[in-house]
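Enquirer: Each chain is listed here by its residues.
There are 2 protein chains.
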Amino acid sequence: MPRISISVLLFCATLFAQKPADLIVSAGTVVTMDAQYRVIPNGAVAIRGGRILAAGPKVEIEQSYRAKSRIGRPDAILLPGLVNAHTHAAMSLLRGLADDVNLDTWLRQYIFPAEARNVDREFVRWGTRLAMLEMLLGGTTTYTDMYYFEDEVAEVTRQAGMRGVLGQTVIGFPAPDFKTPESALAAAEQFILKWKNDPLVTPAVAPHAVYTNSPGTLRAAAQMADKHGVPFLIHVSETKPEDLPVHEKYNQTATRLLAANHAIARRSVFAHGVWITPEDRPLLVSHRVGVVHCPSSNMKLGSGQMPLAEFLKLGIHAGLGPDGPAGSNNDFDMFEEMDLAAKLAKVNGGDLNAVTARTVLEMATIGGARSLQMDKEIGSIEPGKRADLITVSTLAPHATPAHDPYSLLVYSLKAADVQDVVVEGRTIVRARTPLTLNAAEILKKAREIRAKVDASIRK
Amino acid sequence: MPRISISVLLFCATLFAQKPADLIVSAGTVVTMDAQYRVIPNGAVAIRGGRILAAGPKVEIEQSYRAKSRIGRPDAILLPGLVNAHTHAAMSLLRGLADDVNLDTWLRQYIFPAEARNVDREFVRWGTRLAMLEMLLGGTTTYTDMYYFEDEVAEVTRQAGMRGVLGQTVIGFPAPDFKTPESALAAAEQFILKWKNDPLVTPAVAPHAVYTNSPGTLRAAAQMADKHGVPFLIHVSETKPEDLPVHEKYNQTATRLLAANHAIARRSVFAHGVWITPEDRPLLVSHRVGVVHCPSSNMKLGSGQMPLAEFLKLGIHAGLGPDGPAGSNNDFDMFEEMDLAAKLAKVNGGDLNAVTARTVLEMATIGGARSLQMDKEIGSIEPGKRADLITVSTLAPHATPAHDPYSLLVYSLKAADVQDVVVEGRTIVRARTPLTLNAAEILKKAREIRAKVDASIRK
Chain A
2 MPRISISVLL FCATLFAQKP ADLIVSAGTV VTMDAQYRVI PNGAVAIRGG
52 RILAAGPKVE IEQSYRAKSR IGRPDAILLP GLVNAHTHAA MSLLRGLADD
102 VNLDTWLRQY IFPAEARNVD REFVRWGTRL AMLEMLLGGT TTYTDMYYFE
152 DEVAEVTRQA GMRGVLGQTV IGFPAPDFKT PESALAAAEQ FILKWKNDPL
202 VTPAVAPHAV YTNSPGTLRA AAQMADKHGV PFLIHVSETK PEDLPVHEKY
252 NQTATRLLAA NHAIARRSVF AHGVWITPED RPLLVSHRVG VVHCPSSNMK
302 LGSGQMPLAE FLKLGIHAGL GPDGPAGSNN DFDMFEEMDL AAKLAKVNGG
352 DLNAVTARTV LEMATIGGAR SLQMDKEIGS IEPGKRADLI TVSTLAPHAT
402 PAHDPYSLLV YSLKAADVQD VVVEGRTIVR ARTPLTLNAA EILKKAREIR
452 AKVDASIRK
Chain B
2 MPRISISVLL FCATLFAQKP ADLIVSAGTV VTMDAQYRVI PNGAVAIRGG
52 RILAAGPKVE IEQSYRAKSR IGRPDAILLP GLVNAHTHAA MSLLRGLADD
102 VNLDTWLRQY IFPAEARNVD REFVRWGTRL AMLEMLLGGT TTYTDMYYFE
152 DEVAEVTRQA GMRGVLGQTV IGFPAPDFKT PESALAAAEQ FILKWKNDPL
202 VTPAVAPHAV YTNSPGTLRA AAQMADKHGV PFLIHVSETK PEDLPVHEKY
252 NQTATRLLAA NHAIARRSVF AHGVWITPED RPLLVSHRVG VVHCPSSNMK
302 LGSGQMPLAE FLKLGIHAGL GPDGPAGSNN DFDMFEEMDL AAKLAKVNGG
352 DLNAVTARTV LEMATIGGAR SLQMDKEIGS IEPGKRADLI TVSTLAPHAT
402 PAHDPYSLLV YSLKAADVQD VVVEGRTIVR ARTPLTLNAA EILKKAREIR
452 AKVDASIRK
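Which chain is which? The protein sequence lines are A and B, in order. For the first sequence, this note's numbering begins at 2 and goes up steadily by one. For the second sequence, this note's numbering begins at 2 and goes up steadily by one.
Calculated directly from the structure, the hints in this document are not laboratory data. None of these values were measured; they are calculated from a predicted model. It is possible that some hints are incorrect.
Same chains, same names: a pair is fine if it fits in one copy or spans any two.
Below, computed lysine to any residue pairings styled on SDA-like, alpha-carbon distance capped at 25 Å [as the list claims (entries may be wrong)]:
no.: 1; residue 1: Lys228; residue 2: Pro216
no.: 2; residue 1: Lys241; residue 2: Asn354
no.: 3; residue 1: Lys445; residue 2: Gly73
no.: 4; residue 1: Lys241; residue 2: Val60
no.: 5; residue 1: Lys453; residue 2: Pro42
no.: 6; residue 1: Lys180; residue 2: Glu442
no.: 7; residue 1: Lys195; residue 2: Phe113
no.: 8; residue 1: Lys314; residue 2: Val102
no.: 9; residue 1: Lys69; residue 2: Arg459
no.: 10; residue 1: Lys446; residue 2: Ala417
no.: 11; residue 1: Lys241; residue 2: Gly305
no.: 12; residue 1: Lys250; residue 2: Lys446
no.: 13; residue 1: Lys446; residue 2: Asn43
no.: 14; residue 1: Lys445; residue 2: Arg39
no.: 15; residue 1: Lys446; residue 2: Ser394
no.: 16; residue 1: Lys241; residue 2: Glu383
no.: 17; residue 1: Lys197; residue 2: Ala441
Starting from the given sequences, assemble the full structure and let the hints guide the process.
Expert: Below you can see the structure in the form of C-alpha cells.
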C-alpha cells in the first residue's frame, strides 16, 4: 500500500510538472530545417496556441508536455510545411488549357482571352479552393498567390485555415477585377489594410510584370508595399522576348529599371528571374530581393533556366514555386518542383553538388520563407515559430529501403505520401482527409465552371 | 404470357449470340495508342486467353461479349500498360545510396563496390520484387532489365505475372554472378534458351557498355542475340567522359565501333544515347536501333541531354526508362519520366511542339514497344494484342477539371493514381492492391538486406 501511494504521488507530480500543449505530433524522423539542420530520430513536436513549444526526442516531449490531442506516425517524416513561393491558384480551373506552346502564345492566345471571359469572384472562389485542396494534400502549408479578386482569395484561404501570401494584381490593361492600374492600386491598398493583421493571410501588392506596367505604377506599388511593410510580388525576366520591349523602350534591364525607379520594395519577391543578367545580380543582394525558381514552368514554356547555383552562391534568397497549372505546369506539386530543381541544376553537368537534395528542400521550406521575409515565423521546426507542419509516410515501395531523409523527400517521396497537415497549430488534413475543405463539392463546382470556360472558348 | 415468352426468347438469343470473354475492363475514357490514336469515351476492352478481343464503346462491348469478370472505372482512363525500356530493377535495394555525384564517381566509388560485396541471388530476388511492386503500382506492365543473376529475375517476374525483357549482363571485369565475360556469355545463352518461349519473359543479352567490354565480346553478344532473335541491350554514349577512352583506344565513336565490329544486333536497344554524334544518327536508322531516353538519370548524374526531338524527326524508335534507383533516379516512376521528357525537350526553347504530351505517352507505350521490337505484341489497345492494360483514376484534385487525356496523363496524373493493372489478361493489381506480390514481406526483406548493405559499406 505505501509503495503504491508513492508511485501514485510520483505519477501525479509528473503530471503536474507537465506543461499543457494543444497537440503533440510525433514521427519516426523529424527534419527540422533549423540552422543546424537538426534531424531527430523518433522525434516529436509540442504545439500550443498555434505555435511550436518544443521539438525533441519523443520520450522527452511526452514527459514534458500534456497534450489535448496527438498525431503519431512512427513510419513517417515530420517536417516544416512546404512554402509555395509563386503561384496563381485559381488558374487550377484552366488546368491544361493549352500545352506545348511558349509563354507569349499561351498568355495572349489562350489565357488572357479565357480569363477576360470567365474570371469573376465565383471563378476565383472555387478555383482557389480547388488549388488549396491539391496543395494541402501535397504538403503545402503556405502559398504565394498573384491573381485577381484577391480579397475573395483571402476569405477562402482563412476559411480553409491555410496560410497565404496573397498579392492583388496590378496590370496595365483592363483586368477581370479592375479596369485600370490606378483602381487596382487603390483596391490593393484597401485589401492590405483589411488583412494586414490576420494570422494566416499576409496581403501583398502584385504588379504583374515590368513589361505590363508603367514605371509610375511600379513605383507606386513598391511605395505602397513599403508603407505597409507587405511583400511586393512581381514576375521579372521570365523569358528573353518579354525583356526585349523593356530594353527597347528604356534601354535598361527590367531589374535595373525597377531599381532606377525606386520600384524595388523592401520585401520584393521576383518570380522566375531566368534572364536577370550577371551584372544585375548584386542588385538582388543589396535590395535583399527574394527570387522564386519555377523549374516546371520554365521548362514547359521553354522560358529558359534560372542560374540557381550562381544565385545561391551569392547568398540570394531563393524559394520554389509551381507557378500556375493552366499550361505552365498543370499542377501545384512541390515535391515535383524539388525533384526538378535538383535535377535541372545538374543538366549541364558542372558541380553536381552545388544544388543538393538538402538545398532544394531548404528552398521549399525555410529558404522559401526567407524569400518572403517570413523566416522568423515559418519555414522550420523551432520553438516559438508558427506550427506549420506536415508528415510524409515512408512506407511506400518507392521510399523503401529508407536512407538519407533529404534524399528520400526530394528524389523518392511524392505529394501522395503526405499524411497530415497542420497549419497554425490546427490539423487541417488528417490521414489524407481534408478537414476544412469539402472535396466533393469543390470537384463538382470545378467541373461545372470548366464546362462554361470550354464553351466560352468555342464561341 | 406469350409476350413474356418472346422477351425471354429474345434475351436468350442475345445471350447465345454473345461471345465469351475472360474479362471486360471499362472506363470513362479509353486511350488506345493505336495508329489512329483512337480515344473512346465510355469505352471498354474485352479480353480472352491473355489477348485483347475488342475495344470499343462500352455498350457495344457489353452487348457482344459475356465476361467472367469485370473491372469498371467510369472515373478513370484506360490505356496500354507502360513500357519501361531501360532499368536495373534489383538496384531498388541500393536506393539513394549516393546522390548528387556524377556517373563515374557514383559507379566506381559507390555502386560497383557495394555490388561486389552484396549482390547475390537473394539480393536480386528481393530487389527485383521490390522494384516490380513499385513499377506495377505505378502502371508499368513491361520492364527492361539489365542486371546480374537474370535467371532469378526471370523466375520472380514470371511468378509476379509481370512482363519483362530481361538482359543478362556481360561485363569486362569480375561481376557478382560471373567472373569473366566468357562465362557470362555462356550463361546468357543458357538463359536465352531456357526462357525464349515464355509468354511473359523475353530473355536478352546485355553487354554493359562499349567502354567496359572488348569488341570481341560485343560481337559475340550481338551474334548470340541474332542467333536467337532476342534483344541486345547496351548502354551507349551515356556520358561524354565514358566515350573518351573509346575514342583514344579505337579512334572511333562507340556507335561506329559497334557497327564496324558487327556488334549491332537486329534487335539492338541503346540506353541513353546522349552523346551519339549527329553523324552516327543514320546508323541508328539503318540498323533499326531502339534508343531509350532516361531524362531523370541523365539530369541527375549530369550526363547531358539526349537530342530527343532530333532523333524522333529521323524516325528513330525511342522508348523511355527510369534507369536504376540507386542514385541515378531513386525511383521507377514512368509518369515522372513522361513529364520530365516533355519538359526537358523544351528547356532550351525552340519548337515547343516537337515533343508533345502525346509524343511522350507514345514513348511510354507503343514507342517503347517499338524500341524493343515488340510492337506487334504490346504497347497499344488493339484486337489480337496481348492484354496489358492499366486504369488511372482522374478523380484527384490535381487531375480536375478534366481536359485532354494526353495532357492529363503526362502533366497532371501521377503513379499514385493508377488503380488496376492487367498483364497478359490477368489482373495483378486491383484498386491499388497487388494480387501477386506480398508487399509486407517484400518491404521487410528490403529493409533487412539494406541494413546489411549499409554495414558492408561502413566496413
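Enquirer: Confirm or reject each hint.
Expert: Going down the list of hints, with the structure as the test:
no. : hint             : in the structure
1   : Lys228 to Pro216 : within (18 Å within a copy, 73 Å between copies)
2   : Lys241 to Asn354 : between (28 Å within a copy, 19 Å between copies)
3   : Lys445 to Gly73  : between (33 Å within a copy, 21 Å between copies)
4   : Lys241 to Val60  : neither (55 Å within a copy, 52 Å between copies)
5   : Lys453 to Pro42  : between (51 Å within a copy, 20 Å between copies)
6   : Lys180 to Glu442 : neither (32 Å within a copy, 63 Å between copies)
7   : Lys195 to Phe113 : neither (28 Å within a copy, 62 Å between copies)
8   : Lys314 to Val102 : between (33 Å within a copy, 19 Å between copies)
9   : Lys69 to Arg459  : neither (55 Å within a copy, 43 Å between copies)
10  : Lys446 to Ala417 : both (23 Å within a copy, 24 Å between copies)
11  : Lys241 to Gly305 : both (8 Å within a copy, 23 Å between copies)
12  : Lys250 to Lys446 : neither (44 Å within a copy, 66 Å between copies)
13  : Lys446 to Asn43  : between (42 Å within a copy, 22 Å between copies)
14  : Lys445 to Arg39  : neither (43 Å within a copy, 28 Å between copies)
15  : Lys446 to Ser394 : between (30 Å within a copy, 19 Å between copies)
16  : Lys241 to Glu383 : neither (41 Å within a copy, 45 Å between copies)
17  : Lys197 to Ala441 : neither (32 Å within a copy, 50 Å between copies)
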